[in-house]
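Novice: Using the sequences and the accompanying hints, generate a full structural model.
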Amino acid sequence: MTSKPDELRELIPLYLNGRLSEHERQEFEDALKVYPELKHELMELSEIKDLYREMEREIPPVSENLYAKILSNIRPLTDKEKVKERKGYTEQLLESLKGLFSSPRLSWTVVAAQLVIILFLLTTMPEKDGFRTLTSQSTSQGELTRINVVFKEDAREKEIRGILNAFGATIVSGPSPEGLYTIEIKEDKKEVVLERLRSSGIVKFVERAY
Amino acid sequence: MNRDTEDRESELISRVSQGDEEAFSRLYELTHKRVYNYLYRLLQDKDTAEDIVVETFTEVWKGAGNFKGKSRVTTWIMGIARNLAMNELRKMRRDEGIDHHKYLLNCGGRDTEPFDRRRLIKEAMSRLSIKHREIMDLVFFHEMNYREISEVLKIPVNTVKTRVFYAKDALREVLSNMGVTRDDI
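Which chain is which? The protein sequence lines are A and B, in order.
377 is the number of the first residue of the first sequence in my numbering; add one for each residue after it.
12 is the number of the first residue of the second sequence in my numbering; add one for each residue after it.
These are calculated hints, taken from the structure and not from any lab test.
Quantities reported herein were computed from a predicted structural model and do not represent experimental measurements.
Among the hints, a few may not be true.
As the list claims (entries may be wrong) - Subject to a maximum C-alpha distance of 30 Å in a straight line, what follows is the list of computed DSS-like cross-link-like pairs (lysine-lysine): (1) A/K445 / B/K102; (2) B/K165 / B/K81; (3) A/K425 / B/K73; (4) A/K380 / B/K142; (5) A/K380 / B/K102.
Specialist: So, in structure tokens, the structure goes:
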């Protein structure tokens, strides 16, 4: 017998549970004759093991509906997973985003972030440029005014283009069979434009359109 | 547990990971009693033990794909059950507002019932700390070897070995507090 008492002691539970090989068991039983303390410890633990056998009988049986409870827990998962499999990638993505934004905390965070961005734009954008949404026309309608103008027959296209560009005017319609153009200019330049057109020498008629 | 049982459980858990409900039912049949007995001994309450069994097998269903095969399936399931049971025990201790371990160890005094050696040892075992009661359960009730216990408890094998004997010494101490000397038993 070469094993130390401490190592033999560790074998007691394995011996009692029948987990030792034949050779190990024989060595252990030989050691019991040499070490009385080992034998005493074996008896103590053997009694404990016997008690466990008794206690096993005292454990109340498992309820019959236990598996049904487990099924009710896992079945919603199963159904959800099946639905997920049927859905396409886009739907899954949309569902995930919906789930993400359904969190009240996150929604309020987004609202707060938007507010900060709006305040930042309001305080940093130059006032004269104003604000424009993607769906709006290039300039706000309220700042423009329309003018009807008829150029003289001998006015050249180059002269007409030159004068209109000088005012930043846009041709809204025309020319009509009578040679009438309707142009659009900024409201605040209205008087100056009318004056310049009248004195240009190439305009037969000019008046504000209503 | 023989090799065939291990192989069968491994095959079942693999099928469970693919959503096979029949395999899950079979795995439950093979393992639930062991899990329930372990939980009942640990928690000492049928309803709580059953609740944890439900939670454990729900986790098994959800996490079967995470089983790497490094341990036996039963050992893996017992590990899940233990984690959940420990959470429950922590909750129970918070609710009770007492240190259950100290309480159990300090309960002293010989009972007024007629002396009965086996009954006294059983009583003393129930007064052990959860840590010590658990290791005794795993060794003597579930007959696990040291390696399997180390996988369930997630502690080194050497710690398992020493803890078994610390538990036995603690049992002797509880018996002594109850007025029973080593010679009495």
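Novice: If a hint holds in the structure, say so; if it doesn't, say that too.
Specialist: Status of the hints after comparison with the structure:
| no. | hint | in the structure |
| --- | --- | --- |
| 1 | A/K445 / B/K102 | holds, 22 Å |
| 2 | B/K165 / B/K81 | holds, 13 Å |
| 3 | A/K425 / B/K73 | violated, 36 Å |
| 4 | A/K380 / B/K142 | holds, 27 Å |
| 5 | A/K380 / B/K102 | violated, 43 Å |
The structure does not agree with the numbered hints 3, 5 stated previously, though it agrees with the rest.
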